[in-house]
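Asker: Model the full assembly from the supplied sequences, consistent with the hints where possible.
Protein chains in written order, with my numbering: chain A, 1 to 32; chain B, 1 to 156.
A hint or two may mislead.
Listed below are several chain A residues computed to face chain B (Cβ distance under 7 Å; list not exhaustive) [unchecked claim]: (1) R6; (2) V17; (3) L22.
These aren't lab readings, by the way, just hints derived from the structure by calculation.
Since this is a predicted model, take the numbers as computed values, not measurements.
Note that beta-carbon positions come from the ideal geometry of N, C-alpha and C, so glycine has one too.
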Amino acid sequence: MTDSWRELFDRADDHDVAIDALQDALAERRDG
Amino acid sequence: MAEPNPARIVADADVLAADLLVGGDTRAALDSIRCHSWVDLIASDPLLDDCEAVVAALADADLAAAHREKIDDLRVRVDHPAEDHPALASAAAGDAAHVLSFDDRLQGVAAGVAIRSHVATSVKHPDAFRRLFDLERLWPVVGEGEYPGPDTDPRS
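Answerer: So, in structure tokens, the structure goes:
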């Protein structure tokens, strides 16, 4: 049984992530 | 090119990850998909691979796997060649009218013209999408009668 979106968002609250970091991580994965 | 479906949306991997890890306006944009059963999230496996890798790198692998499983339940799966851009190729394969992305290289007039020469879709920042995407105005295109409003719990 999968988590609900509410449960996932609650788990994600433990992490402090900025959008810039997401973009950098994705660019690094796709562009090398 | 097939006519794009205005109720079919692609969220690039950075947007899917931001929905989970940042929230705010991006989560509100994705909520418009989650709370309407007649709005489809289109995504390929490579797009989900990218999202899972980003979430694992910036948060943890268990959360990334659980998030992927949840998106897998929500999405309409499409396939495309491995070398294609996962978001744009998902839009092309799924006839999605909208792509949500934070990538500046995919936005703007010149980028839009170049993309639309290959794919009939429009790339938008999630904030712009949230401001412009009007479910009540879209409803007559896909259904009959008055707009019924949200029909699913976006947190379920």
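Asker: May I ask you to test the interface hint for A/R6 with respect to chain B, counting a Cβ-Cβ separation under 7 Å as satisfied?
Answerer: 4 Å, holds
Asker: If you take the shortest Cβ to Cβ gap from A/V17 to chain B, is it below 7 Å?
Answerer: 4 Å, holds
Asker: Minimum Cβ distance from A/L22 to chain B below 7 Å?
Answerer: Holds - the Cβ of A/L22 comes within 7 Å of chain B, reaching about 5 Å at its closest.
Of the numbered hints stated above, none is contradicted by the structure.
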